[in-house]
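Peer 1: Listed below are the residues making up each chain.
Protein chains: 2
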Amino acid sequence: MDLITRHSFLHQLLLFSLISLSYVSGTQFSFPRLGALRRTIRSKPQTGSISSVSEDFETLFYNQTLDHFNYKPESFTIFPQRYIIDSKQWGGPNTISPILVYFGAEESLDYDLFGIGFLRDNAPRFKALQHRFYGKSVPFGSREAALRNASVRGYFTSAQAIADYAAIIIHIKKTFSAKNSPVIVIGGSYGGMLAAWFRLKYPHVALGALASSAPILYFDGLAPQVGYYAIVTKDFKETSERCYETIRKSWDEIDKIASKFNGLSILSKMFKTCKKLKRSFDLKDYLDSVYSEVAQYDCPPTYPLNIVCRGIDGAPKRTDILGRIFAGVVAYMGNKSCYDMEEFNHPTDETYMSWKWQIFRILVGLGSCFLTCSEMVMPIGHEHSASMFPPSPFNLNKFIRKCKSLFGVQPRPHWVTTYYGGHDLKLILHRFASNIIFSNGLRDPYSSGGVLENISDSVVAVYTVNGSHCLDLLPEMKTDPPWLIKQRKTEVRIIASWISKYYTDLIVFRDRT
Amino acid sequence: MDLITRHSFLHQLLLFSLISLSYVSGTQFSFPRLGALRRTIRSKPQTGSISSVSEDFETLFYNQTLDHFNYKPESFTIFPQRYIIDSKQWGGPNTISPILVYFGAEESLDYDLFGIGFLRDNAPRFKALQHRFYGKSVPFGSREAALRNASVRGYFTSAQAIADYAAIIIHIKKTFSAKNSPVIVIGGSYGGMLAAWFRLKYPHVALGALASSAPILYFDGLAPQVGYYAIVTKDFKETSERCYETIRKSWDEIDKIASKFNGLSILSKMFKTCKKLKRSFDLKDYLDSVYSEVAQYDCPPTYPLNIVCRGIDGAPKRTDILGRIFAGVVAYMGNKSCYDMEEFNHPTDETYMSWKWQIFRILVGLGSCFLTCSEMVMPIGHEHSASMFPPSPFNLNKFIRKCKSLFGVQPRPHWVTTYYGGHDLKLILHRFASNIIFSNGLRDPYSSGGVLENISDSVVAVYTVNGSHCLDLLPEMKTDPPWLIKQRKTEVRIIASWISKYYTDLIVFRDRT
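For the protein sequence lines, the chains are A and B, in the order given.
Each residue of the first sequence is one higher than the one before, starting from 34 at the first, in my numbering.
Each residue of the second sequence is one higher than the one before, starting from 34 at the first, in my numbering.
If a hint is listed, it holds; no wrong ones were tucked in.
Note: identical chains are not told apart, hence a pair may lie in one copy or across any two.
Here are the computed lysine-lysine pairs in the DSSO-like style, where the Cα-Cα straight-line distance is at most 30 Å: (1) K206 with K431; (2) K534 with K459; (3) K431 with K212; (4) K105 with K437; (5) K459 with K206; (6) K459 with K207; (7) K206 with K437; (8) K212 with K459; (9) K207 with K431; (10) K207 with K435; (11) K282 with K311.
I should point out that these hints are in silico values taken from the structure, not numbers from a laboratory.
Note that the structure is predicted; figures quoted are calculated from it, not measured.
The following block holds chain A by itself, in its conformation from the complex:
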């Protein structure tokens, strides 16, 4: 009796990957990924196949409206939006069994399917239908056409996305005769932001939200722009002071060699780059991505940040700084014939080697780039003096100019706080709003933009000191440390209490309203 719903649909492209501002920023460091799910050690593919969890899934389509907010002739364009339902464990129609809905985030579908562990593990407990929606359907033909067309990609916005969610959930409740079933929405990272915002905007559709690793405060000056990299730095420093120092010193070393005659060739050889480096920045950006990724996804049982530092610290005694850095890369990325400096923008994992998939990833990057260039303007920069990274402050004006030249429209850096709020969160929401869990792991760099303090009795922060990005949403594993088990239990207990209160209310009010 459990219902997990997950979707991507028109917005799948948004939901997938807030990859790489390097598309936009040229010489600004790549935007850290807001991926929901765990990155495994890159050299060792994740165990656990998707097929084993997907047998219960049923794929359905909903006729979705292109533009919910206007009444122009083209607003009425309908596209088939795919969603996935697992109703195997559900209590059935005309019961009040809960419905769990997963809001997709920005990772590959395979990762996403794997990542709904929390819902599947806890579904029987809540006696809920298991839904899950996602769709590959895009209006106006192919994804490529949609993203390349300025008029079409203009509909890729979070407000349209959650309006889609609302329409689909209402449709599902009607279809399943589940009018009185409480709906809990769950998402991680960008999906977590959508889940929290959904509870605020559509309380009549969702009873509550679990927003895992949702940096809803990383907008419009709410959180310091250095927050992200300050945590990456702290994670490294805590793991190994020596490793941290090596990385801190490495940037100057790279510059020093790059400035030599034939310096880029030397660096290219040293780091076994697949193509000769055209500028030292690309190497630095690659390393920045490695460090960010292992900090963000520093999960048990493998703890990839440890792996990188063991590589760096454990290199033979006389290895120089850049030799150690390369040893760290090899330890994490695996021993390869060459290393693709663009991998973090267009990954080349064996899983995604097909041409089609590559194109898809590129388009996902473009979609994500558009999203960050429109409303999801997260000013993440390096400028902290204690950072292990070289300074690279976020430059809003430059960012706006680049976005305008790329997409012809300019970002609205204040829109997220205008539409969803964020300033004075506790003051505003502690007498308004209810039933939101903001879960975080404090080793996740994005926790610097997360809600880490209880807002009220039912808008609460559940965090772990040792957790990383969206860890609580992953399936339970035998190797899970006690603090992770406890976090998930706390979340389940809180959600169960919302549902229990709702059932009480239902008895009181159902015949009177």
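Following the hints, complete the assembly by docking chain B onto the known chain A.
Peer 2: Below, chain B without anything else, positioned relative to chain A:
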């Protein structure tokens, strides 16, 4: 220290008048007006001039975004949105003096300016800036061009309207250095719906809302479609059983005469119509509008419904049914050389006789019609057996067909409940949401779609048995009956308690968030 804000701007056209479904429905009765402000006896213009209240007003402009929800190139079109501020009594910048914001409804500006009495009367008490915004500015040139262009009028939606409000209020708070000033939004009728929805969608912008006579439940089957006319009927019956009976019998009389040879000429003469009737329906629709209007605006001290019934009942002894009906019309509309059967669609009051204004009113009608033809689908019909009106049920399919042929787009009758909610209101909102007053007068036919029961401690219903449409928003008058004085006092006390709690919270949270 009081702040009243009121606006219309791009959406002025929407906000003005949900006039006349007769544009749409052909032989369905005209849609009752959702006008915020009191209709006086038509033959005696309202006393009290606008100039006397408008001296303190300052007119300003805001560069408003055409489309908040999409990122298409045209979404970024900027138009100057006019708003009006009265800051004479305000506490000043860097204080925490409240800001009262009035959301315009669908009446002429003159009526609207008159109607902010509640805010002006209570402003000193709240020590608030007095704002008030309204703008005549419409993107893409003239109103006519905007409304005739399917692409432009498509942006006339409530979601865009309240996003505009949010942007302007945030802008005003910044301009006036009023970051911590609590904002109370106030509106009547359609403006009241916007105020209530605004508090739900933008709690970070408005601390609370006074939604006067806001029929937020007159959508999507929430309230019975006969509700409106059932109350009109009740109002007449309570005032005079004889008057009610005369009206009830009059429809058949009209049909009987109309079916005679030269019947329409007889009726035209009998009712001194300005143009010869082409069908009896137009007379019936006119009478329907008279009865609806006097019921909706049956206010002290004149009580126009009484005037109509005194006309009907007080006609010379041997006057027949239709003679009595006409006497009622004359009593209310005044003794005229002829009666314009289209007056309720395109009023010809002396005040609005200029050609320009006429054109404006027609366009307002078109704008309102578009609004009811897009999202504000209120299924108001006659089918009650105890009604004093002939049966005329609301036919959604016919309505949709007519809207499509008029505007090329079809209504979304479920959108209001999808975006704003409405089903199971108490169940949903009693643990979510706060600080909304739903005020109603039970003699107002629209109260049949209003919230008449407390939802929680701070989402409350304040109604009067004898009140009519938006009566509480009008300026205090010496002739106000005790129940009206009490209603306003209750509203003021509740709003004061929200602000007081907010100030307490501010001390607790301001330095911690």
